[in-house]
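Chains P and H, in that order, are what the protein sequence lines are. The numbers in the numbering used here rise by one with no breaks, and the one at position 348 of the first sequence is 348. The numbers in the numbering used here rise by one with no breaks, and the one at position 53 of the second sequence is 750.
Treat the hints loosely; a few may be bogus.
[Stated by the list, open to error] Computed list of lysine-lysine pairs in DSSO-like fashion (alpha-carbon distance at most 30 Å, straight line):
(1) H:Lys-720 with P:Lys-12
(2) P:Lys-649 with P:Lys-310
(3) P:Lys-459 with P:Lys-404
(4) P:Lys-12 with P:Lys-404
(5) H:Lys-763 with H:Lys-720
(6) P:Lys-459 with P:Lys-469
(7) P:Lys-115 with P:Lys-386
(8) P:Lys-404 with P:Lys-184
(9) P:Lys-390 with P:Lys-310
(10) H:Lys-720 with P:Lys-467
(11) P:Lys-184 with H:Lys-763
(12) P:Lys-109 with P:Lys-310
(13) H:Lys-720 with P:Lys-310
(14) P:Lys-109 with H:Lys-763
(15) P:Lys-437 with P:Lys-404
Everything labelled a hint here was simulated from the structure, so no lab data went into it.
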Amino acid sequence: MSLDLEMEEIHKIFFEESFEGLDAMESGLLNLDVNADRETIATIFRAAHSIKGGAATFGFIEVSNFTHGVETLLDEMRNGARPVTPDAIQLLLQSVDGLREMVRAVQAKRPVDAKRTAHLSDEVARLLARHGSRDLAAAPGAAASDGPAGTAPRAAGAPDAAPEFLRGGPGWVIEFHPHHDMLKTNNEPLRMFAELERLGALNATADLGELPPLSGLQPDGCYLRWRLELAGAVEKRQIEEVFDWVDANCAIQYRFFAGGEAPAPLAAGPVALPAGATAAPAAPPAAAAPSSAAPKGGGDAGSIRVSTTKVDHLINLVGELVITQSMLSRFADGCSADELEKLRDGLTQLTRNTRELQESVMQIRMLPISFAFNRFPRLVHDLSRKLGKKVELSLSGEGTELDKTVLEKIADPLVHLVRNALDHGLEQPEVRLAAGKSETGTIELAAFHEGGNIIIEVKDDGSGLNKAKILQRARERGLVAADAELSDEQIHNLIFAAGFSTADVVSDVSGRGVGMDVVRRNIQDLGGVVQISSVHGQGSTIRIRLPLTLAILDGQLVRIGAETYVISLVAIVETIQVRKDRLNAVPGGAELFRLRDEYIPVVRLYEMFGVEPDSRAIEDGLLVVVEAEGRRFGVLVDDLLAQQQVVIKSLDTNYRQVAGVAGATILGDGTVALIVDVPGLVQVFHRSVGSRGMLAA
Amino acid sequence: MAGVILAVDDSASMRQMVNFTLKGAGYEVVQAVDGLEALEYARCHSVDLVLTDVNMPRMDGITLVKELRALPSYRYTPMLMLTTESSQDRKMQGKQAGATGWIIKPFNPEQLLATIARVL
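Isolated chain P, as found in the complex:
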């Protein structure tokens, strides 16, 4: 791979991990609101530190310069030199936003917003200046080490006689006295000398005076002292660099000779060295290092990055395998007795294997819902400030996993629901107190498994839905006939109608009446269902039921004439035989069937799909009662076949979208079966019947 391509890849990783780091900073900072523990601060610091380091390395100087100030702030907090104040947290949160924007800009190769950055930088600098803080001026790019303290002073240019080796030219005499323990850090004098030789001709003389008798000699101790003569006009900085790593492990003296002096004999006897050089530098506070037990923010469990396309391909292959397996299992029915036994055993195993393989492959796509939940602490923090409400957010079931695609598509609807709960649901503190509730409202976000589905609940303890107001508004807009009698559930469902809003004031948070219909549409697109329950004065719960994945469906196979269709098991309420006398025809061509004390419309699927059924008489077939959008209806079919998992194949990509059909699948015998789109069917049906009266039914 070429260097450029490789760098591009590395940059990509840097951007991804920067965004993750910023998320970790954000959630950490929000936690600080509650309690400022060292671990959290250390985690936030590390994230900032990594971003700065990476940005500097990859040449994103604006990012690294800006992060430097943030890092300094955090470092001071980490060391306990700076109190953790709400103002500081607020500024750091803003900085995280600013940084996120900067990294996005850099990623998109567009210029960063210099004005915003400068403004934030100023704010950070101001805060840093408020308490006596250390260097902010030192840009991270110019990370040159300045003269280390606590080591031997360097006497440069001492008026001394130049050694013969230098032959009157310019050069250095270096007195290098390593401590006994220098070798323990693997700093090998010979290698340093090799470095020096690159700078100029070198003459090294060892002084064996310190060598102890053999009995007292430690094999890894360093007992030699050196006098090094380096010829050439070498800069002192270059020499210092060679000894930089052993600064604390040796005493060292440099003398420069400009040349021209008469050669002098070698200085005899030990060179006087400052006593301080032997003493270790001030012991660093042991607590300065971040504790090794710091928990990883954001639930990083040693994950890998896999491109979604690869995984999709794998899932497709496994889907094929499932088809092969079901194809094979058909042979089991027509084999000789002893062969049959073996074939059955083998097939049982194949079935188990394919199922396991399928499950483990699906797992690759599964992500914990915390990816969607993580943004809510910040959202609620900001929004509650803006609205002047007191809110406590509680999250549960963050570890519940669901398909990445589902997760991505559910994120926006969830944001909408939480915003709504905060804006419309929860009341102002004084209103709550007057209603005898606690001043602080609660919003609960919960996720859990229930019978092969994922349930996500958004619950608030606010004012609840006002049924009278909803009904009144719906009548004004002609969504409901003036005389229609609606159940509580039907009234609640009205808030999902397009353009519906009961908000008295349209705020910039919500209330424009766009959204709830989109929320429901999005959830339905995912094969999910949304329900509302609400008690006026006590709060509302919105319950979203989603399939675990979009790739596989638990289906009921049904037969109409020669065709097989699949109906999602989730949508089926029950299946019944129909007596003709329970059927009523209503004007407009619709038929209603009395199911206990409810009238449900009957959909003759063969009419809709244009196929020839066994019989058109309703008492010869079966009525599959399905439910969608809170409404039930009966689908007339000839027979029920097996229940099985089917691999969903998109009709859109292979053919085109067809009303009333959600997709297709390939059955064990190789034939194609269409999957009935139950919510879609409701709409098609109502369009064809077109009766307003039906809507309220």
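Place chain H on chain P using the hints.
Leaving out everything else, chain H in the frame of chain P:
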């Protein structure tokens, strides 16, 4: 001269960059995401040089160097720290733990290779 280098950094992009540079120069590179993982690897494999970041979760670079130096087989292994902190006491902490030296971030590939050539 080739050799096995254990590169320790919690940042994937830094690891990639180090990995790419060193492999290009003919070294064999083993990567670890934090001190603990590095220590576990080093306990049952032998490496010729350890290159570690300082700030990492679970176990930081300074602790890693200290732990490694305590192992007989790592008494004379060169260990370099990658650090953005030019502050002297950080470096001294590393030195006291037994680090051979350090490379100041940001560095470019040539600087990294030159520094490694000093000890390998």
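Going down the list of hints, with the structure as the test:
no.	hint	verdict
1	H:Lys-720 with P:Lys-12	holds (20 Å)
2	P:Lys-649 with P:Lys-310	holds (17 Å)
3	P:Lys-459 with P:Lys-404	holds (24 Å)
4	P:Lys-12 with P:Lys-404	holds (20 Å)
5	H:Lys-763 with H:Lys-720	holds (27 Å)
6	P:Lys-459 with P:Lys-469	holds (21 Å)
7	P:Lys-115 with P:Lys-386	holds (24 Å)
8	P:Lys-404 with P:Lys-184	violated (51 Å)
9	P:Lys-390 with P:Lys-310	violated (46 Å)
10	H:Lys-720 with P:Lys-467	violated (69 Å)
11	P:Lys-184 with H:Lys-763	holds (12 Å)
12	P:Lys-109 with P:Lys-310	holds (27 Å)
13	H:Lys-720 with P:Lys-310	holds (27 Å)
14	P:Lys-109 with H:Lys-763	violated (42 Å)
15	P:Lys-437 with P:Lys-404	violated (39 Å)
Going down the numbered hints, you'll see the structure goes against 8, 9, 10, 14, 15, while the others check out.
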